[in-house]
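For the sequence shown, full-length UniProt numbering gives the first residue as 1, with consecutive numbering after it.
Careful: at least some of the hints might be erroneous.
What the hints assert, rightly or not - Straight line, CA to CA, 30 Å or less: simulated DSSO-like cross-link-like pairs of lysine-lysine: (1) K251 / K193; (2) K251 / K154; (3) K132 / K108; (4) K96 / K132; (5) K59 / K154; (6) K114 / K59; (7) K154 / K96; (8) K260 / K188; (9) K188 / K251; (10) K132 / K46.
Simulated from the structure, these hints should not be mistaken for lab results.
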Amino acid sequence: MCPLELYFTTYNPFSNVSLSPTVCGNRPLFNKGSRIVGGQNSPPGKWPWMVSIQSPTGKEFSHLCGGSVLNEIWVLTAAHCFKHLQRLVFGANNLKVLESSVQIRKIKEVIQPKAYNPTTEANDITLLRLDKPIVFTDYVQPACFPTEFANVEKKTDCYIAGWGVLDEESGEPSEILQEARVHQIDSKKCNSKDWYDGAIGEYNLCAGHEKGGIDSCQGDSGGPLMCKTQKSRTYAVVGITSWGSGCARGKKPGVYTSTKYFIKWIASKSSGSQRVVRHFYSIITCIKDTCPQNQSIKQTPNSPTWERPKSCPRMSETKL
1 MCPLELYFTT
11 YNPFSNVSLS
21 PTVCGNRPLF
31 NKGSRIVGGQ
41 NSPPGKWPWM
51 VSIQSPTGKE
61 FSHLCGGSVL
71 NEIWVLTAAH
81 CFKHLQRLVF
91 GANNLKVLES
101 SVQIRKIKEV
111 IQPKAYNPTT
121 EANDITLLRL
131 DKPIVFTDYV
141 QPACFPTEFA
151 NVEKKTDCYI
161 AGWGVLDEES
171 GEPSEILQEA
181 RVHQIDSKKC
191 NSKDWYDGAI
201 GEYNLCAGHE
211 KGGIDSCQGD
221 SGGPLMCKTQ
231 KSRTYAVVGI
241 TSWGSGCARG
251 KKPGVYTSTK
261 YFIKWIASKS
271 SGSQRVVRHF
281 YSIITCIKDT
291 CPQNQSIKQT
301 PNSPTWERPK
311 SCPRMSETKL
């Protein structure tokens, strides 16, 4: 059995962890070593840990938020995504045409940090327990995550992905999974007066482009910010899409919840004894279980019409 705490016998700031008994970050259909706004269609199977979180609209379902596969029974997403009873779609690329490779599950349990603040979006992270396990295939795989000690800023090869809106003005969503390459932006710079003016918390990451043009947007909430070092073959989910001022605006990049600060919380709340695999030196440690239109936005003085404390929640309800 594994001890309660995570023990690290060798410190490696570039290591990843897996919260699944199987190898994380595997992409069987994509072994090469951008919409989202300003992105491009993502090939099927390129990001097999992507999840579409959907809510019912009559007899159909609408895409609401994204998520990432932890293991066979847990998904990681943003806390602000939850308004309705929902279903989860795994292994999808085109949400209008669900192929035979797609798996659909219901939510059995939702776990949020007690410290989650819906006004500031501090600690914007949530675990979803599935009603029954998913099966790992070429199109469905668990994601990797950074260790709590990871030097995430050194992971400079970064992507975002999601089914969110393609353009801030039109609010037009994407039926096909979009991806875009982004850059992590220094937190001090992101928190400066011309950028987010102090709104970035300790547990946030900023990613995008200084001049704008490429960004996550409404409907991408809860989805992953995935980064790796130039020499690594495996991407880690270093952030969870949380909020932003508009979409793809200059000096207003996407703001993400940094997963490394929550890795112990994630492991302790997810079921069973979880193997946390550090790939670089095959060290195994363990932990034992013990806006666009039609959004309700909170205004701040001098803020544009659909921002919330310098932000807008990045979720949507897109009829499928």
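Are K114 and K59 close enough, with their CA atoms no more than 30 Å apart?
violated, 34 Å
Given the proposed pairing of K251 with K193, does the C-alpha separation stay at or below 30 Å?
holds, 10 Å
For a C-alpha distance cap of 30 Å, please report whether K96 and K132 respect it.
Between K96 and K132 the Cα gap is close to 24 Å, so the pair holds against 30 Å.
Holds or violated: K188 with K251, Cα cutoff 30 Å?
holds, 13 Å
30 Å Cα cutoff - pair K132, K108
holds, 8 Å
For K132 and K46, compute the direct alpha-carbon distance and say whether it is at most 30 Å.
holds, 24 Å
Within a Cα-Cα threshold of 30 Å, do K260 and K188 meet the stated pairing?
Measuring from Cα to Cα gives roughly 18 Å; hence the hint holds.
Pair hint outcome, K251 versus K154 [Cα-Cα no greater than 30 Å]
holds, 21 Å
Holds or violated: are the alpha carbons of K59 and K154 at most 30 Å from each other?
Not satisfied, since the Cα-Cα distance of roughly 46 Å exceeds 30 Å.
Measure nothing beyond the straight line between the CA atoms of K154 and K96; if it is 30 Å or shorter, mark the hint as holding.
violated, 37 Å
Violation of the numbered hints given earlier is confined to hints 5, 6, 7; the remaining hints are satisfied by the structure.
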